[in-house]
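Given the structure of chain F, go ahead and fit chain P onto it with the hints provided.
Okay, here's what each chain looks like letter by letter:
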Amino acid sequence: MNAPATTAVEALPTVKPDRLPLMLLPVLALVALPLIGSASTWVTLTFAGLAMGMIIFIIASGLTLVFGLMDVLNFGHGVFITLGAFMATSVLGLMTGWTTSTSLLLNLVAVLAAMLVAMSVAGGVGAVFERVIIRPVYGQPLKQILITMGGMIVGEELIKVVWGPQARPLLLPTAFQGSILLGDAAVEKYRLISVVLGLIVFAIMTWVLTHTKVGLLIRAGVHDREMVESLGYRIRRLFIGVFVVGSALAGLGGVMWGLYQQSVIPQLGSQVNVLLFIVIIIGGMGSVTGCFIGAMLVGLLANYTGFLVPKVALFSNILLMVIVLLWRPEGLYPVGKK
Amino acid sequence: MLNHLLSGDLPRSRVLAVVLVIILAGLLLTPFIFPGAKALNVAAKICYFIVLVASFDLLLGYTGIVSFAHTMFFGIGAYGIAIALTHMGPTWTGVAVGVAGALVISLALSLLIGLFSLRVKAMFYAMITLAVASAFMTMASQFSDITGGEDGLSFKVPELLTPGFSLREAPFLGVSLDGKLITFYLLIAVTVVLFLLMLRIVNSPFGRVLQAIRENEFRAEALGYRTVSYRTSSNVLSAMFATLAGALMALWMRYNGPDTSLSFEIMIDLLLMVVIGGMGTLYGAVVGAAIFIVAQNYLQELMKVASGAATNVPLLRDLVHPDRWLLWLGLLFILSVYKFPAGIVGKLRLGAWRKRTAQPGA
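Heads up: the sequence lines are chains F and P, in that order. Going by the numbering used here, the first residue of the first sequence is number 1, and it counts up by one from there. Going by the numbering used here, the first residue of the second sequence is number 339, and it counts up by one from there.
Note that these hints are calculated values from the structure, not bench results. Glycine is no exception: its CB is placed at the ideal position from the N, C-alpha and C atoms. Hints should not be assumed to be uniformly reliable.
[To be verified] Chain P is faced by these chain F residues, among others (derived, beta-carbon under 8 Å):
no., residue
1, Leu73
2, Pro136
3, Leu142
4, Lys143
5, Lys160
6, Ile318
Isolated chain F (complex conformation) (with noise of 0.2 Å):
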């Protein structure tokens, strides 16, 4: 993953890295797999489980890195998710030929136009709500729960003016719908789907942060932002372009968890809002594999408690998150702020 090292670089203190949460998924599977018992219904869950975790992922990406880099926790998140399922809703409501007909190809042409208007739709919303609602209460923590809140009460309730208060169904596109036998599991072609479009994100991500100049800054920013400003990088700036594209990911998560329940109500946002707090604070603020991490965590625990004690499953993530935050009371990776 890293370049190859010089002689130079190799004299540096390296820090091993920590896999051991990495281990947490397998571990959590295999444990999964007696207590069900069936193979087939074991790789059906693991799936639904899978798909469930990449969409909170895309969705809680963004609102991780937002905290980390200027430690604004931004309780109206919700509200792009919410805006992105319902521009889906209205593209694809547009598009009807298209995603009734049996081409896969026109198919796909339809739910990735909904899904690129849904992103910059949420993304141009969210550069203004940065403006509107976030700057001016920047290092006010009080105010900034409060304001975030209030921009989520109203976003909500502009959605129902623009939308009206009733839920609207998000049908799958034809080709998209049914399912496919692996052995004598059946999979939802959609889950497998989702679960492909989240690795593709997660890795494009990994990749910027990784491989850019712009993500050693955003990285550099994460763990000192006073030391980042101090060596001439405007932060200030490529906070808004994380917030932007944060915002996108979540109108992009809203076309996802849209297509999933197959509808689509005002208050979808407020209600993953608990979901995406309890990820976030799993993986430890600010860390996108932590994040990461934390949401397949919540997907596969929420499927396999779902099948397997259904009462227990309203309170997994709870339950979830207090056990990790006592192994590691500041998330899976700590970003490691002063």
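Frame of chain F; chain P shown alone:
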């Protein structure tokens, strides 16, 4: 006398004093000047929300802690009454057991949450409480054997408080003196007592330390105050008052369910009331609760008229649709946080203070 009763924390603004007197008089006279069940229900809701909002202000406005678990304690109080009266029948012992049990549970829970997470940053605390509150709500709707699940619990209250009980055959000034009326005045009396008690707390040396922590935690700690234990005490106290507010609500409604006491919407309403009324001023709780609840119940009527007038203007028609009243209060909320963080009460006090100081100088 009045000074003593209000713990030396007078309104300090003539307008505010007038507003407070109007609210109190309005509440006291509701059964006589606004006939009908709706007006009485609105007035009662204002009462228990004054206690709830003031208790939240103790935490948010005076100590500077954002908690999203406040409705959880409200719910514990309401469920305490509901469960006790369902199982023990409509007796005063049941009421006492319900309140006492709820207070003990709230005490334990708030202490636990406080000790576990008040050491961390404000953000973290806000998130943790949000998660805990949502778990609690799920629990309340799942354990339906105890809590009645989503349907909640309907129960009977002691006979004195039932509408069937009559103090006197003949109506007094056109109002029948039934148990509902007694409950209403009992509610007002308890509200006033609890409010004065909270006023006493925030104006005590203890309350001053809380405000010092809000202003500058580091300095308060350097001066030798154990900030964690003060923050925890504030958390516990505010939870107790919220529990009592919940008990009052349950006694008034004779019903409790997850949506009436635990839902996140109530939490948002609470935030709006505290901020619009004025953080860090208990009088703000009174003004905020009164304005918000009246708006919640009557703004929609006004908007119905406006939206009827704007039927032909597409976007405007939707913006003033009666169901969108929260949009306007949300905007007011954001504006409040920016422009007058001390809310309506703070604004009034500032104006009065400027006037007072300007006159001798001029």
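Here is how each hint holds up against the structure:
1. Leu73: holds, 5 Å
2. Pro136: holds, 6 Å
3. Leu142: This hint holds: Leu142 of chain F lies near chain P, its Cβ roughly 6 Å from the closest one there, short of 8 Å.
4. Lys143: holds, 6 Å
5. Lys160: holds, 7 Å
6. Ile318: holds, 5 Å
The structure shown violates none of the earlier numbered hints.
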